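Going down the list, the sequences are from chains R and Y.
The working numbering puts the first sequence at residues 1 to 363.
The working numbering puts the second sequence at residues 1 to 363.
In short, the hints are calculated from the structure, not lab data.
There's no promise every hint is true.
[As the list claims (entries may be wrong)] In silico DSS-like pairs for lysine-lysine, Cα to Cα no more than 25 Å straight-line:
(1) R:K8 to Y:K25
(2) R:K60 to R:K113
(3) Y:K288 to Y:K360
(4) R:K309 to R:K345
(5) R:K8 to Y:K26
(6) R:K113 to Y:K221
(7) Y:K110 to R:K221
(8) Y:K221 to R:K221
(9) Y:K122 to R:K221
[Stated by the list, open to error] Stretch-level coverage of chain R by chain Y, calculated; a stretch enters the list once three of its residues show a Cβ under 8 Å from a Cβ in chain Y:
(10) 46–60
(11) 76–82
(12) 124–130
(13) 224–230
(14) 244–251
(15) 319–326
For clarity, every value in this text was computed on a predicted model and none was experimentally measured.
Note that the Cβ used here is the ideal one computed from N, Cα and C, for glycine as well.
Chain by chain, the residues run as shown.
Number of protein chains: 2
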Amino acid sequence: MVNLKNNKTYNFCAGPAVFPEEILKKAQEDLIDYANTGTSILSISHRSEEFINLADRAKKNLRDLLNIPENYEILFLHGGASWQAAMVPANFLSDNSLANYVNTGHWSSKAIKEAEHFGKIKVIGSGLDAAMNLSGWVIDKKAAYCHCTPNETIDGVEFDDFENLPESDVPMIADMSSTILSRELDLTKFDLIYAGAQKNMGPSGLSVVILNAELLERANKNLSTMMSYQVHVDADSIYNTPATFSWYLMGEFLEWVKKQGGLAEMGRRSLEKALMFYDYLDHSDFYKNNIPRAVRSRMNLPFVLKDNKLDKLFLTEASKQGLINLQNHRSTGGMRASFYNAMPKEGVEALINFMKNFEKQYA
Amino acid sequence: MVNLKNNKTYNFCAGPAVFPEEILKKAQEDLIDYANTGTSILSISHRSEEFINLADRAKKNLRDLLNIPENYEILFLHGGASWQAAMVPANFLSDNSLANYVNTGHWSSKAIKEAEHFGKIKVIGSGLDAAMNLSGWVIDKKAAYCHCTPNETIDGVEFDDFENLPESDVPMIADMSSTILSRELDLTKFDLIYAGAQKNMGPSGLSVVILNAELLERANKNLSTMMSYQVHVDADSIYNTPATFSWYLMGEFLEWVKKQGGLAEMGRRSLEKALMFYDYLDHSDFYKNNIPRAVRSRMNLPFVLKDNKLDKLFLTEASKQGLINLQNHRSTGGMRASFYNAMPKEGVEALINFMKNFEKQYA
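Take the sequences, apply the hints, and build the full model.
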C-alpha cells in the first residue's frame, strides 16, 4: 500500500481495529521494561505479581464499565468469538436438548452452523424482520438457550433495544463482539455474552466471556478441559498460559475507555459518528446504504457506489489520502467503514470530505 | 519486584520467555507504523497484503529452518499447547480406537487426562525409564497414534534421540513446545508436532502445528470447525481472525533464528549453555539436580538448594541482581532456570556467578 499523502492515516478496518495513540506509546515503553521489572511485558510470567495485578485490574475495570453484577463471572480466553460460537453449544447444548437461534446475518449463520455440530437448532427469526422486532421472537419454553448477534459486521445491521426482548426464562446469549463497550448495556437482559477483543477493546486473539453463575451450573459435565467454562472459571482464566500481551493491551484499553468518560461517553461518540456518516450518505445520490434506519449499525457502515466500476478507483484514491481498509468483506463486496471506539470523529470527517470530493469528480 | 541492581536483567521464565532485544526494538517502531502503512501492526487487517506477506514469510522461514517436507502442512493457531492436547484426540481418536501415550512428566500427564475425554488411552511407558529408552516403547499395532512429550518443562527431563524411536506404522505425535527450534530435528520421525510459541519462538497465545498430509486424511469428519485441522488447513490458518500481532512477532523471531545461523547454531548454543550450568551444579555440594545426565533438559534446568529454608532468600537476592523468574512451577517447588533461544550465554554466566557468591555466603 503506497502512501502518497502527507496527512494522518485513518484505518477503518473492521478488526483488528485501531488503538488510541496513547496506548501504543505506553506499549512501546512496556515492550522494553514493564513496571520496572527490567523485562518486557511480553516476557513477564503469567504467575507473577505484576501479571496478576494487571489481570485483576482489567477485570475490575470491565466490571465497573459494564456494571456487571457480582453473580456474573468474567473470563478472558484464547481465540476470538468463533471459539465462543463453539464453546456455547459445547457447554449448554446436548443430544436431548434444543437451542433457539436468531439469524440476522453472516455471523449469526456461522454461529448456527457451528452449533449444529453439537445438537438440535431451531431458527426463531431471520433477517431484518427479526432485527427490527425483538418482541416478536417466540422462544421455545424448553430451549436450552436463545442466541443472537446484535451487530452484524458485514451486513451493517444492528439492534440494541434489548428492553424489547421477550420475557422468557430461557437463558439469552449474545455475540457482542462489535457492540461491547460502544454504549451502555443492561447486562441483566443476558445470561452470557461473548466478544472478540479486536473491535472496541483490544487486539485480535483474545475473547471476553461474561456469564451468569446460574447458567454455569447447567453446563455439561465431562467436557474437554479447554472447552469447559467451569474449568476456566475455576482457574480464573489462567488454566493454561494466557495471551499475556493481548490481555495487557486490553487492560490499557479499558483504562482508556474509563478515562474518556466510560460507556455513556462511548455511546455519545459512536452515535455522533454514525449519524454524521449516514446523514451524508442519505443526502447523496452517489453513495447508498440500504439498511432501514432503525437497525443501521453504528459500528460497521456498509455503502455502495452508484457505479460499482468505480469501486477500485475509490479504494485506491482513499488509500492515497490515508483512508485505509474501506473494502467490505470478500463475501459481499462494496465498501464498509468501521467506527470502533478508537476511531476519532476527525477520521469520520476526513472520510466524508474525501467522499464529497470523489463524488464531485466522478458523479 | 524491586530492582536494586544496576546491571542488566536476565529473565529465566519458562514462558512467556525472553525475546531478542532487536525484535523488541523493531516492534516498538511497528507498533506505530508498520511497513509504511501509516497504521499500527496491531491494526492491519488479516486480509491485507501486508499481513498475508508476513504470514507467508513466517511459514516459509519455519519450513526452511526445520526442513519441513512438502507433504507436511503448517498451521499457526490460537491458544497454546493445551488446545493442541485436545485437538489431537478430537481429530484422531474415536470411540472405537485406542491411542498410546508415553508419560514422562507433568505435561504428558495433562495430555493423557485431556485425551481421556475423547477415547481410550493406553500408557505404554512412564517416567525416566521411558525417557531413557525410546527403543523400548511397545506401540500397539492398531493404535490411532502414539503421543509423547520430549521436554518436560517442570520435571527438567528431555529426550531427543529420536533415531531410537521404535519402527512402527503408527503415527507419532509430539508436544514440542520447549524443544522446537532449540536444535536440529528430523521431522520425518513424526507425523504431527505441536508447540506453544512462548518458549523458543514467540509470545504466548499462539501455537504451531506441523502435520503430515497423510495423517490429516484420517481425521474425524464433522468436527466443530474450530477443532478441525482440516478446516484450518483449508483456510490457511485464517478461518477466523488470527492473533495477528503474535504471528508477526513469531515471524520476526524466525528471521532472527535464521540470521543467527539456524538450528545448527541454536543447537550449539543450547548445548553450551546447559552443559555450563549442569557442570557447575555437579561440582557443587550446595545445589543439586537429580535427573540422570542422559535425559537432562537443555531448556529447563531445575535445581534444589541443600537447605530449602534458604529458597526464599535465594530468590530475593537473585532478583536484586536482576536474575528473575527462577522459582519452579507451583506444583513442585525448588528452582528452575529456563534457557530458551533468546537467553544469551552471558545470562547463564551471570546466574552461575550469583550462585557461586550465594553459596560462598550461606554454605
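Here is how each hint holds up against the structure:
no.	hint	result
1	R:K8 to Y:K25	holds (23 Å)
2	R:K60 to R:K113	violated (34 Å)
3	Y:K288 to Y:K360	holds (16 Å)
4	R:K309 to R:K345	violated (29 Å)
5	R:K8 to Y:K26	holds (22 Å)
6	R:K113 to Y:K221	holds (15 Å)
7	Y:K110 to R:K221	holds (18 Å)
8	Y:K221 to R:K221	holds (23 Å)
9	Y:K122 to R:K221	holds (23 Å)
10	46–60	holds (count 5)
11	76–82	holds (count 5)
12	124–130	violated (count 0)
13	224–230	holds (count 4)
14	244–251	holds (count 4)
15	319–326	holds (count 3)
When each numbered hint is compared with the structure, violations occur for hints 2, 4 and 12.
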